[in-house]
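*Asks:* Each residue of the sequence shown is one higher than the one before, starting from 1 at the first, in my numbering.
Hints should not be assumed to be uniformly reliable.
[Unchecked claim] Derived DSSO-like pairs (lysine-lysine); straight-line CA-CA distance at most 27 Å:
id : residue 1 : residue 2
1  : LYS54     : LYS6
2  : LYS169    : LYS44
3  : LYS54     : LYS41
4  : LYS161    : LYS5
5  : LYS43     : LYS77
6  : LYS77     : LYS190
7  : LYS54     : LYS44
8  : LYS190    : LYS47
9  : LYS203    : LYS179
10 : LYS6      : LYS161
11 : LYS203    : LYS51
12 : LYS80     : LYS190
13 : LYS51     : LYS5
14 : LYS203    : LYS44
15 : LYS150    : LYS6
16 : LYS199    : LYS51
17 : LYS190    : LYS209
18 : LYS173    : LYS161
19 : LYS41     : LYS77
20 : LYS161    : LYS199
21 : LYS79     : LYS43
22 : LYS6      : LYS51
23 : LYS147    : LYS27
24 : LYS77     : LYS47
25 : LYS216    : LYS85
26 : LYS173    : LYS54
27 : LYS179    : LYS169
Because the hints were derived from the structure by calculation, they are not lab data.
These figures come from a predicted structure and were not determined experimentally.
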Amino acid sequence: MKIEKKALVLLSGGLDSTTVLYYALSKGYQCNCIVFDYGQKHKKELKSAIKIAKSVNANYSIIKITLPWSNDVLTNKDKKVPVHKNLPKNIPPTYVPGRNTLFLSYALSFAQSTNADVIFIGVNAVDFSNYPDCTPDFVKAYNNVLKALKTKITVKTPLLKLNKAQIIKLGTKLNVPYKDTWTCYNGFSKPCRQCDSCKLRAKGFKEAKTNDPAIK
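Based on the sequences and whatever the hints tell you, model everything.
*Replies:* Right, dumping it as structure tokens:
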């Protein structure tokens, strides 16, 4: 009797995490999704994540985290999302300190409790916003933590060394519904197309030579 592989997927509702979910499914994993409400200024990405999880009949859990010391522009309601002419080379103000460390720690507890084999996260270190918790060094260090905890679980990052165009091409082959994903840092009725995240997404679709179905 075939034993089904179990995976926990960190799903934000964005382009990368949705591609990772479809990738995990294509590899035969039974996927549970974990969605974080960490005080972001808008809930559009949460709605996207829930819609996407439901569309593939994946179980999902919404985890609410409160960061009362918030000082970044994504969670501090008094700060506006900046518009940069060029993507920043240093850590930008949209970086939420410790976010992926927190997310993976919750995911580890969840994964151990549900006997999952793998945690999938859609971090990328090529076309990215210079977040230090999206790098190969960070992923390697976290997997070393898992080894120290003597768990079989590993963190897998299939998009880590792909650029956005490569990610989009992979997702297109997997029939990822990019029209349902939300990437923008702002919670407007439509993507602002000015924030760093929107620019990286636009760059990816342009280099992949295809239209973004979320832009009308």
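*Asks:* Where does the structure disagree with the numbered hints, that is, which hint numbers, in rising order?
*Replies:* Violated hints: none at all, because every hint is consistent with the structure.
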